[in-house]
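What follows is the residue order along each chain.
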Amino acid sequence: MRAEGVVAEARTGNLETKFRVPPPPRAACPPAQSTLDPPSLAHEWTMSGSSSVAAMKKVVQQLRLEAGLNRVKVSQAAADLKQFCLQNAQHDPLLTGVSSSTNPFRPQKVCSFL
Amino acid sequence: MRMRTAGRVGRCLRIWVSAALGAQAPSCFPPGPSIHRGEGQCRWVPRGGKTRMATDGLHESETLAALRSEAEGLKGKLEEERAKLHDVELHQVAERVEALGQFVMKTRRTLKGHGNKVLCMDWCRDKRRIVSSSQDGKVIVWDSFTTNKEHAVTMPCTWVMACAYAPSGCAIACGGLDNKCSVYPLTFDKNENMAAKKRSVAMHTNYLSACSFTNSDMQILTASGDGTCALWDVESGQLLQSFHGHGADVLCLDLAPSETGNTFVSGGCDKKAMVWDMRSGQCVQAFETHESDINSVRYYPSGDAFASGSDDATCRLYDLRADREVAIYSKESIIFGASSVDFSLSGRLLFAGYNDYTINVWDVLKGARASILFGHENRVSTLRVSPDGTAFCSGSWDHTLRVWA
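So the sequence lines, in the order shown, correspond to chains A and B.
Numbered continuously in my numbering, the first sequence closes out at residue 114.
Numbered continuously in my numbering, the second sequence closes out at residue 1405.
Keep in mind that the hints were calculated from the coordinates and are not lab data.
C-beta: ideal position from N, C-alpha, C; glycine also.
Any given hint could be a false lead.
Straight-line alpha carbon distances no greater than 27 Å define the calculated DSS-like cross-link-like pairs of lysine-lysine that follow [what the hints assert, rightly or not]:
1. LYS82(A) with LYS1197(B)
2. LYS58(A) with LYS1366(B)
3. LYS73(A) with LYS1366(B)
4. LYS57(A) with LYS1197(B)
5. LYS1084(B) with LYS82(A)
6. LYS1149(B) with LYS57(A)
7. LYS73(A) with LYS1077(B)
8. LYS1331(B) with LYS82(A)
9. LYS1138(B) with LYS1197(B)
10. LYS1138(B) with LYS73(A)
11. LYS1117(B) with LYS73(A)
Per the computed footprint, the stretches of chain B lying under chain A, defined by three or more beta-carbons under 8 Å from a beta-carbon of chain A, are [as the list claims (entries may be wrong)]:
12. 1064-1075
13. 1320-1334
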C-alpha cells in the first residue's frame, strides 16, 4: 500500500528481529541539527489538517509523475536483458568457470608479489 | 466515512471525524479556552457564533477527499498501464537460451578474525582487498589473496551495519548504531593510529543501514533507519541532497552502474524499492510487490534493471524500462529471508545469501536455481561479487567471510 501521506512512526523495532539488539534510546540521538528535519516523512506524524493536505498533495504529485513515465513492453525489456547476458557471457568468469591459471582465487597456494 | 481497521488509516479516520464535528462545534462544545487541535479534537475560537474552525475543517476535508480520490484514480491508472505492457514473462523469452552447466564453486578463502557477527563487506576496486564490519564494533581491511589483515579499527559503537571502500582504495567508510557515517583514511604507516584520522561525514537520526561512495571519494550516499537516504560531501560533511519517501527504515541502497549515472535504488522495511534521481532528490519510480522487508537491492550490470532480496524468502527482478517486476526467484523449500544479493558480471547469475545459512545461485533469465552453496554456519548477512567478477565474498553471523570462486 503506498504511503497515503501517512507515515510510519520512526521504527527501530526492526532492529530487534533483524539484528537482535534493543533499539537505541531516542534521547541518545543528536538534536535536530542534522538538517534532515521536516519535511522528513520519517518523523512523528502530527495531526494538523493543513499538513495532511500538503502530504496528500505530495503523494498525488508523485503519482502523476509516475503515471507519465514512458514504458516499454516486457517482451522488449526481457529481450534486452537476455541480449546483454548473452553478449557478456564469455567475459563472466563465474559463469564460464575460468581456469586456475587466470583466476587468482582458484589456486590454493598463496600469491607472492614481486 | 469509510471504516477501516489498519492503525495508520485509523488516524486518518479521526481527521474525518473531527472535521465533520467541527461544523457542529458551536452546539457541541461549551465556550471556553481554545483547545489546540490534536488527534480527534476540534479547535475553535469562541467568537460570536460561527467558529473559524468549522469552515476551515470543511474546506480541508473537501480538498483531502478530492486529493484522495485523485490518488486512487492515478494508482488504478498506473496499474492498468503496467498491466498492458505485461505481454510475456522473462523466462518465456529465455526459453531457447542454453541452460547453465554444472557449477563448481567452492570456498577458496576463509577470512577469520572478527569476534562477532559479520554485518557488511565491500570490495576494493583493486579486486583483492575487502573491508568488513562486525557487531563487535571492528572494521577490518583484508587482503583476500593472502587472507592477511591489513588494517583494523574499533568503532565507538557496536553493530557496524554498513561499510564501504572508497573508489581510490585510500579510505573506508562505516557506521551503524552511532547514527553516523565516518570516513577513515587508510594509511600504511604502522605508527599512525587510524582512529585518530576519523572524519564524521553523515548524521542521521537513527541507525545507519547502508553507505556507498559515489564515483569519487568526495561524496557518500547513506541509508538510515530514520527512513531517509542522503548524499553528503565528504570534505565538509555537508548534506547535499536528502531523499524522502520511504515509510519506514531504509535498509539498503545501490548506485546505478553507468559512469554518468545519477540514480540509485533503495529498499526498506515498507516493502518498497524506490529509484531516485540524485540531483533533484525526486523518486522517479517505486515498486511494491514484496511481502516483507527488502534487505538488499542491486542493479543489473546494464543498469536497466535491479534485483532485490527480501524477508519474504524471494528475490525479484524489476525492469526499469518496463516499470514492473519481471521475475521472481523463489522455491517452496526456501522459507528464510534473503539478506543480500549480487549479480555476476554478465547478469546471468544472481547470488543470494539467506538466513538459513545457504547461498542460492539463480539463473536470472530462466528463473530457476542453478546451485546451492553450503559452508557458512550461521546466517549469511552480506554478499558482493568482486569488481572483475572472478569471485564473490560472503559474510556471515558465524564471524567469518568466505571468498568463493
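task: List, from low to high, the hint numbers that the structure doesn't satisfy.
output: When the structure is compared with the hints, numbers 1, 2, 4, 6, 10, 11 turn out to be violated.
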